[in-house]
Amino acid sequence: MARAAVPGGLSRLDWRVARLVERRAETPSAGTLVLDVPGWPGHLPGQHVDVRLTAEDGYSTQRSYSIASASDGSHLELTVQRVDDGEVSPYLADVLAVGDPVELRGPVGGWFVWRHTDTAPVTLVAGGSGIVPLMAMVRTRRAAGGKALFRLLYSVRTPQDCIYADELRRRAREDFGLDVAYVYTREAPDGWPGEPRRLGVADVNTHAWPADFQPACFVCGPTGFVEAVADILIALGHEPRRVRTERFGPSGP
Amino acid sequence: MDRFEGRYEDGDFTDGNALAGPLREIFAVDLTTASGRCAHCGAEGPVAALRVYAHAPGLVARCPSCTEVIMRLVRGPSSAWLDLRGAVSLHIPLGVE
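Residue numbers (the numbering used here), protein chains in the order written: chain L, 118 to 370; chain Y, -5 to 91.
In case anyone wonders, no lab produced these hints; they're calculated from the structure.
Treat the hints with care, as some may be off.
[What the hints assert, rightly or not] On the chain L side, residues computed to face chain Y include the following (Cβ under 10 Å):
{"no.": "1", "residue": "Q164"}
{"no.": "2", "residue": "W228"}
{"no.": "3", "residue": "F229"}
[To be verified] Partial pick of chain Y residues on the chain L-facing surface, computed with a CB cut under 8 Å:
{"no.": "4", "residue": "T8"}
{"no.": "5", "residue": "D9"}
{"no.": "6", "residue": "A12"}
Yeah, the Cβ is synthetic: ideal placement off N, Cα and C, and Gly gets one too.
Kindly generate the complete structure, drawing on both the sequences and the hints.
Here you go:
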């Protein structure tokens, strides 16, 4: 199949000024920023942006955030997990106010992306805030009327740490061909079968597409989680090149 | 999602997806989909799958098979320094016009 160029491609990357238009709480430690980015070229689900903060004395620092929303004009949503000793996330999570400007550049990244024209079944495995780029895929599938069958397996510490919980419940009900399963690592809700545990071979075997179906697999989460899940998928017979991974940092869920 | 926040310990790494922005500042195409060959062990794979250590000065990308350094990228105030010592080649998809 012909691949269209990745949005944002074929030109050098410049910083743009975005403005916060809305803020939504997702969990006690994660929130979604709705940004207006004039001239935004659109994006593929799974792409990210670099966000840059500059202090009055000129000190500047940047971080990379996955885009949470489907492509929609000049609006862009980022879901930010607050890292208490972090340099950027506490500012984005607590200080940046509606109307404030923030610099960003993107979209970037052409590897960990899903195209709604692809019809192969898709397995999504998320650990903690690794759900963010996978949610962009779920939302893009819905917005574009994509027909690919999706199975999402989401590992969270407790039910309160489940990002997009209400929307995932609704989409699992309303989006034909989308299944969502959860694994709880520390505290499970009433009625969930089994004890809190780390996601293991049995969970992947039960809830992901079998290797015979040649699904596209997208795994995103903390480094240790991603390594473990990718090893399980490959041990279950998935072709390594069909297992796309995105690691976002040190700590485990 | 945030790749560089939080306290890194020895051995912590993220991956080549995190190079997308820093490399797009230099190159006109996305290099994370480029397929590279490790000069040390010969393993082939996408730049996106490299192990990236972000707690060094700059970004150090290592081969996921043998952990030798493939590339290093350091951004200064007015220039970038890119060391590609560990890559024999990069095969870069250019999309379809």
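Status of the hints after comparison with the structure:
For L:Q164, the suggested interface contact is upheld, since its CB lies about 8 Å from the closest CB of chain Y, less than 10 Å. Look at L:W228: its Cβ gets to within about 3 Å of chain Y, closer than 10 Å, so that hint holds up. About 5 Å separates the beta-carbon of L:F229 from the nearest beta-carbon of chain Y, less than 10 Å, and the hint is met. With a least beta-carbon distance of about 5 Å to chain L, the hint placing Y:T8 at the interface is held under the 8 Å criterion.
With a cut of 8 Å, the hint placing Y:D9 at the interface with chain L holds, because the nearest CB-to-CB distance is about 5 Å. At about 6 Å, the closest approach between the beta carbon of Y:A12 and any beta carbon in chain L falls short of 8 Å, and the interface hint on this residue holds.
Consistency with the previously given hints is maintained throughout, with no hint failing.
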